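Visitor: Residue-level listing of the chains:
There are 4 protein chains.
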Amino acid sequence: MLNARVRWGETDAGGIVFYPNYFHWFDWGTHELFHSMGLPIQSLLEQGILTPILGAACDFSAPLYYDDDITITSSFAELKTKTFRIEHVVRRGDVVTGRGHEWRGWVVRENGNLRAVTIPEEVRRLMQADG
Amino acid sequence: MLNARVRWGETDAGGIVFYPNYFHWFDWGTHELFHSMGLPIQSLLEQGILTPILGAACDFSAPLYYDDDITITSSFAELKTKTFRIEHVVRRGDVVTGRGHEWRGWVVRENGNLRAVTIPEEVRRLMQADG
Amino acid sequence: MLNARVRWGETDAGGIVFYPNYFHWFDWGTHELFHSMGLPIQSLLEQGILTPILGAACDFSAPLYYDDDITITSSFAELKTKTFRIEHVVRRGDVVTGRGHEWRGWVVRENGNLRAVTIPEEVRRLMQADG
Amino acid sequence: MLNARVRWGETDAGGIVFYPNYFHWFDWGTHELFHSMGLPIQSLLEQGILTPILGAACDFSAPLYYDDDITITSSFAELKTKTFRIEHVVRRGDVVTGRGHEWRGWVVRENGNLRAVTIPEEVRRLMQADG
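Protein chains in written order, with my numbering: chain Z, 1 to 131; chain P, 1 to 131; chain W, 1 to 131; chain C, 1 to 131.
Because the hints were derived from the structure by calculation, they are not lab data. Keep in mind that a hint or two might mislead.
If several chains are the same, the list does not tell them apart, and a pair holds so long as it fits within one copy or across any two.
Straight-line distance between alpha carbons at most 25 Å, and here's what the computed SDA-like set of lysine to any residue pairs gives [stated by the list, open to error]: (1) Lys80 / Tyr65; (2) Lys82 / Asp94; (3) Lys80 / Gly14; (4) Lys82 / Gly15; (5) Lys82 / Ala4; (6) Lys80 / Asp59; (7) Lys80 / Asp94; (8) Lys80 / Gly93; (9) Lys82 / Gly93; (10) Lys82 / Asp69; (11) Lys82 / Val95; (12) Lys82 / Thr71; (13) Lys80 / Asn3; (14) Lys80 / Arg99; (15) Lys82 / Arg5; (16) Lys80 / Ala57; (17) Lys82 / Asn3; (18) Lys80 / Ile70; (19) Lys82 / Val96; (20) Lys82 / Val6; (21) Lys82 / Arg99; (22) Lys80 / Asp68; (23) Lys80 / Val6; (24) Lys80 / Glu110; (25) Lys80 / Asp69; (26) Lys82 / Pro63; (27) Lys80 / Arg91; (28) Lys82 / Ile70; (29) Lys82 / Ala57; (30) Lys80 / Arg5.
If you're wondering where the values come from, they're calculated on a predicted model, not measured in any experiment.
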């Protein structure tokens, strides 16, 4: 779980958070989730493994304001053979302000080509433990 | 339809567009769509009308690179009593690289309170003409 | 002092941090500096006080990469009658990667007009203690 | 010269442009300046040439608001042996709202190492013609 305080630069002239920032937080949440699993994306990249985005969505249920203290909770929600879904929930205290997900693929770069491959069993186990 | 060239600052260390930028483009597309209808959001704001985001989603089908020439096509896809859906398609030439939508509400600010209201008939007609 | 980890979305296709992010961090540093002084900018805004940017600059001395652990140190460097300068230093470990500053004004909003005014003595004392 | 309209997402809760966006525009201005010279940065990258940022600064003289029509004028202002300075001016109509610059280096990547080198004579001539 990430803790953050809504930054001035994340708001817009409507006085609330500009919604694309939720997806910035989602991406951040995914990267930190892999960190917390002991599988930093930097080390995956060095092995030629990518986790490209396939889809993303968010439902917004309450506005967020400058200086609000928020949490971003990211967890594995669905595992398929070559893809996985991460759920992200943004809260101010107990109030959910946005809930969404990302679909990502497990891809290897070989000789300059990208190829979706089966998520290795040991990664799958880590993802299930963290879901 | 908006024309743009992918900016250096919109890419990430993977060499492709950082996906939250699609939602920056969607929001931009929505604002320019209202402009093109003769209903600039600035003038709506001055009347106390807001079009807050309720949900957003995007499916990504091909990577975008620095300096790619792209188009962003935004159109009204669905009209309900108090909400509407705008579809956004991002293309490089004929290739769709991302397709998504935003759900937004029609809301008035009265005495400091926000209240979803029925989209006025004349606005609905403009939206249908532009769909 | 703020601790952060360089986010994927802060990098560009050159594989390093996109430089405008330094100014995002500077603004964040300023807001957190006021927080740490017991003078949150939110409470200033509620009193009709603004601290608008007058100028900003940064010199870059080393690249920053994805996942680098960094610190952002912000401190009051110069106090004039109606303006102040905050210095910001970004470091990865002991290495300074960027050093810059912001000039800001002390402005009150009265009847819709903005007017630069003398920084109050008690604020000046807090700024000097934190410099 | 670039034409743009201030986007909703470029504003902050103060109702004006969040200042780091000026540096996003400066970087964009530099890339488009190289484009207009017939020397797109993409083609420089393919030759192993980088133009890394060394310093950037901006003075802000008037606020910019959502939907303001602006121009960004970028031009070569100073040429040294291995570095160059680009001046950027942002205007709304005739009003300068921000004026600043970037210092950049001319660098080649050879065997994974970066080395500042003398700006080639033919590039220098193009820069002087565009200054």
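Visitor: Give the relationship of Lys82 and Val6 under a CA distance limit of 25 Å: within one copy only, between copies only, both, or neither.
Guide: Close neither inside one copy (34 Å) nor across copies (28 Å); limit 25 Å.
Visitor: Reference check for the pair Lys82 and Ala4, CA-CA at most 25 Å: within, between, both, or neither?
Guide: neither (32 Å within a copy, 32 Å between copies)
Visitor: First find the shortest C-alpha distance between Lys80 and Asn3 inside one copy, then the shortest across copies, and answer within, between, both or neither for a cut-off of 25 Å.
Guide: neither (29 Å within a copy, 36 Å between copies)
Visitor: Between the shortest in-copy and the shortest cross-copy C-alpha distance, which are at most 25 Å for Lys80 and Asp94: within, between, both, or neither?
Guide: Neither: 31 Å inside a chain and 30 Å across chains, both beyond 25 Å.
Visitor: Within a copy, between copies, both or neither: which one fits Lys80 and Asp59 at a CA-CA cutoff of 25 Å?
Guide: Result: close both inside a copy and across copies, 23 Å intra and 17 Å inter.
Visitor: Given identical chains, is Lys80 near Glu110, meaning Cα to Cα at most 25 Å, within a copy, between copies, both, or neither?
Guide: within (22 Å within a copy, 43 Å between copies)
Visitor: If the cutoff is 25 Å on CA atoms, where do Lys80 and Val6 land: within, between, both or neither? Let me know, please.
Guide: Intra 34 Å, inter 30 Å, cutoff 25 Å: neither.
Visitor: One pair to classify: Lys82 and Ile70, alpha carbons no more than 25 Å apart. Within, between, both, or neither?
Guide: neither (32 Å within a copy, 29 Å between copies)
Visitor: Is it within a copy, between copies, both, or neither that the alpha carbon of Lys82 lies no farther than 25 Å from that of Pro63?
Guide: Answer is between: at 18 Å across copies they meet the 25 Å cutoff, but 35 Å inside does not.
Visitor: For Lys82 and Val96, with the copy left unspecified, which applies at a CA distance of at most 25 Å: within, between, both, or neither?
Guide: between (30 Å within a copy, 22 Å between copies)
Visitor: Tell me, please, which holds for Lys82 and Thr71 at an alpha-carbon limit of 25 Å: within, between, both or neither?
Guide: Answer is neither: 29 Å inside a copy and 30 Å across each miss the 25 Å cutoff.
Visitor: Go through the copies and call it for Lys82 and Val95: within, between, both or neither, with a Cα cutoff of 25 Å.
Guide: between (34 Å within a copy, 24 Å between copies)
Figure legend: structure checked against the earlier numbered hints; hints not met, in rising order: 1, 2, 5, 7, 8, 9, 10, 12, 13, 15, 17, 18, 20, 22, 23, 25, 27, 28 and 30.
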